[in-house]
Amino acid sequence: MNQRIIRVLLGKTTMEAHDRGVRYLATKLREAGMEVIFINFLEPKEILDAAIQEDVDVVGVSSSVEGHLPVAREVTRRLKENGKEDVLVVFGGVIPERDFAGMREMGVKGIFGPGSSADSVVEFIRANVRPRRVHAE
Amino acid sequence: MQATDKITRSDMPVSPAEGVTPFSPEFIARSRALEDEWRAKFDQLAKKFGVDGASYVQRTDSGLPVKPAYFPHDVADTPENVLAAPGVFPFTRGLNAAQYQFMPWANQPVIGYGLPEETRRRMDYLQAQGMTGYFGNTFYNLVYDLVSHEGLDPDHPAAEGRVGQCGMAVYSREDNARLFDGLPLDRMNVVHISYYENLPVLAHYLAYARRRGVPWEKLGGNSMSWYYQSAYVGMTCFPPKAGMDLAAELIAFCTKRMPRWNTLNLFGYGMEEAGATAVQEVAFTVAAGIDYARGCIAKGLDPDVFLGRFGFQISQANDLFEEICKIRALRRIWARKCHELGARDTRSMHVRIHTHTSGAVLTAQQPLNNLIRTTLHALGAALAGVQAMEVSTFDEALAIPTEHSATMALRIQQILQEESGLTRVADPLGGSYYVEALTNQIESAALKIYDEVEKRGGYHKCHDYVRAQIEASALRWRDLVDAKERILVGVNKYVSDETQEVEVFRVNPESERIAIERVNALRANRDLSKWEAAMAEVHRATERFAAGEVGGLIPAMVEASDADATTGELMAVLKAHLGWAPPH
Numbered sequence: 007m008n009q010r011i012i013r014v015l016l017g018k019t020t021m022e023a024h025d026r027g028v029r030y031l032a033t034k035l036r037e038a039g040m041e042v043i044f045i046n047f048l049e050p051k052e053i054l055d056a057a058i059q060e061d062v063d064v065v066g067v068s069s070s071v072e073g074h075l076p077v078a079r080e081v082t083r084r085l086k087e088n089g090k091e092d093v094l095v096v097f098g099g100v101i102p103e104r105d106f107a108g109m110r111e112m113g114v115k116g117i118f119g120p121g122s123s124a125d126s127v128v129e130f131i132r133a134n135v136r137p138r139r140v141h142a143e
Numbered sequence: 002m003q004a005t006d007k008i009t010r011s012d013m014p015v016s017p018a019e020g021v022t023p024f025s026p027e028f029i030a031r032s033r034a035l036e037d038e039w040r041a042k043f044d045q046l047a048k049k050f051g052v053d054g055a056s057y058v059q060r061t062d063s064g065l066p067v068k069p070a071y072f073p074h075d076v077a078d079t080p081e082n083v084l085a086a087p088g089v090f091p092f093t094r095g096l097n098a099a100q101y102q103f104m105p106w107a108n109q110p111v112i113g114y115g116l117p118e119e120t121r122r123r124m125d126y127l128q129a130q131g132m133t134g135y136f137g138n139t140f141y142n143l144v145y146d147l148v149s150h151e152g153l154d155p156d157h158p159a160a161e162g163r164v165g166q167c168g169m170a171v172y173s174r175e176d177n178a179r180l181f182d183g184l185p186l187d188r189m190n191v192v193h194i195s196y197y198e199n200l201p202v203l204a205h206y207l208a209y210a211r212r213r214g215v216p217w218e219k220l221g222g223n224s225m226s227w228y229y230q231s232a233y234v235g236m237t238c239f240p241p242k243a244g245m246d247l248a249a250e251l252i253a254f255c256t257k258r259m260p261r262w263n264t265l266n267l268f269g270y271g272m273e274e275a276g277a278t279a280v281q282e283v284a285f286t287v288a289a290g291i292d293y294a295r296g297c298i299a300k301g302l303d304p305d306v307f308l309g310r311f312g313f314q315i316s317q318a319n320d321l322f323e324e325i326c327k328i329r330a331l332r333r334i335w336a337r338k339c340h341e342l343g344a345r346d347t348r349s350m351h352v353r354i355h356t357h358t359s360g361a362v363l364t365a366q367q368p369l370n371n372l373i374r375t376t377l378h379a380l381g382a383a384l385a386g387v388q389a390m391e392v393s394t395f396d397e398a399l400a401i402p403t404e405h406s407a408t409m410a411l412r413i414q415q416i417l418q419e420e421s422g423l424t425r426v427a428d429p430l431g432g433s434y435y436v437e438a439l440t441n442q443i444e445s446a447a448l449k450i451y452d453e454v455e456k457r458g459g460y461h462k463c464h465d466y467v468r469a470q471i472e473a474s475a476l477r478w479r480d481l482v483d484a485k486e487r488i489l490v491g492v493n494k495y496v497s498d499e500t501q502e503v504e505v506f507r508v509n510p511e512s513e514r515i516a517i518e519r520v521n522a523l524r525a526n527r528d529l530s531k532w533e534a535a536m537a538e539v540h541r542a543t544e545r546f547a548a549g550e551v552g553g554l555i556p557a558m559v560e561a562s563d564a565d566a567t568t569g570e571l572m573a574v575l576k577a578h579l580g581w582a583p584p585h
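Going down the list, the protein sequences come from chains A and B. The first sequence begins at 7 in our numbering and counts up one residue at a time. The second sequence begins at 2 in our numbering and counts up one residue at a time.
Quick caveat, the hints were computed from the structure, so don't treat them as lab data.
Listed below are the simulated PhoX-like cross-link pairs for lysine-lysine, each with C-alpha atoms no more than 25 Å apart in a straight line: (1) B:242 / B:338; (2) B:462 / B:242; (3) A:34 / B:494; (4) B:485 / A:34; (5) A:51 / B:576.
Based on the sequences and whatever the hints tell you, model everything.
In structure tokens, the structure reads:
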């Protein structure tokens, strides 16, 4: 079986002090056998640059201090522009429910609020990540 | 606090118990015999519940083992810690002989969101609800927004969606006017909660005060100087040594020009929020404070001149007794370390504490439960004898507080202060065998970590070590929650589908646009040649600062602020000269 390791990019804006959750998640995803790249970004375009460079399957953004809407808009738009709409985009942190629908419309597939378990994120990624690509031998 | 209250080597007792026998051998023997008698009964009961009494041990949230009951002999080997008084060195039992009897702790909610005038409305509202500071004075605990923390202006692309979030959109002297016009600057205290934009924020306030004709000597308040927190917070930051030097720069300036200003806040709260245990919070707070104090001494400052202006912001989380004993241990350790450092004035040894009840343990699930949690946290802080408090609001895990939730948080403090009788006696828990023993335990566990930091060259030399320790604790906490070994009601136990509808605050979406318009207008209307000259001087002053000069940076920044320089512009100079990058 040539199961491809799932590559995840986790990002948090450098402006945000709350990084306990996302760093915990990084550890848990690694324990679940995924490869995790963690970045502190200033502008959302940095996430996309990293996502393309690292050819990731999942982009996860942590946000506990608002400002998630422009980031979600920018990330999903740029992924589409670059033909990467099959990259799974998830958000976590403190995100008000009133924004869920708008974010889903943009293409955010999973939103994990306070108290979500790491296991639920692992399960979600495994269930929704793009099918592994067949590597030409 | 008397100005003449000094401690000299000769009158500083190694032990106030010296020369007396606090617990006679006979007394100890009787105490031990009683424990044996109790132990037999306890083991019997344990057996009934299928537990082996001999191997049974409970642990605090920090992992310290505790006995199921405590006896006089548990504190007999540290008589000097038992024979202690409130207001007497080393201040385990509190800084003040009267504790809350003539002046309760100050209610100091953190305020700050949206435009400065929006924050001002909340300030005026909470003041009308009875928010009071020390000596009944007006007191404002104001937090700046994320854009300001990052050292940017609101028109920067990265600021989108973050202007006025988690703090107020204040970036200039002009914004200070919007915030403070009409308030008596010389008769109030203002805590400016800023991160690494500490110097520009103070410069704006000073430039504004000067225009109002208020002498800087009369300004009361606080700068945070939180540079050391780049060890455990993932925000972009200055390199550790530059941060320490920036703190010393502000301390040196204020020591000379602003005698009423508090210059450094030791932010244990942030450590515990990042995952640190109570023991780590004590150890790293003291380690950071002592290291920064050494940095100031190296720049020629006298510890008795600057140490009294250091304050502490400490968390109060779920483990009631451990959190109380943590504060008692912290006071004792700090007093002794400052004495070792050369301080002789007792005010230089005081741990003046602003408690911030824990936000990290509050839950989005069943949010009204947080009112009960925060009441317990506030009770713990009061039993520990802290000087001021901010009680987190019940909607902490959801959004910025609403007016309603902020009022409830204030009411918790007022009920504790005025209905419960809590303030009747100083250090009401003093002498509890358990409390004294646990205080001792926390003290020695924290000192072990402190010594490890010192071995690594002091706090600013080992940010990586500090981060790794705190992160390991954060992981452990979460694993315990996931394994249901640490209970969070509504999250991993007593989970309910019933939703509690609470109002969720939202910053006025127009604030961002207005803040951008204002900064654009400021740049368009300012006297360009005055601004250019002032900014050139900030560049030169920063170069001199980087080369080791002390005391020139803040005056240069005040002139620039007077010429309408913004926080983003001033920070850009510091970033360019000192370095600026994510900490990890």
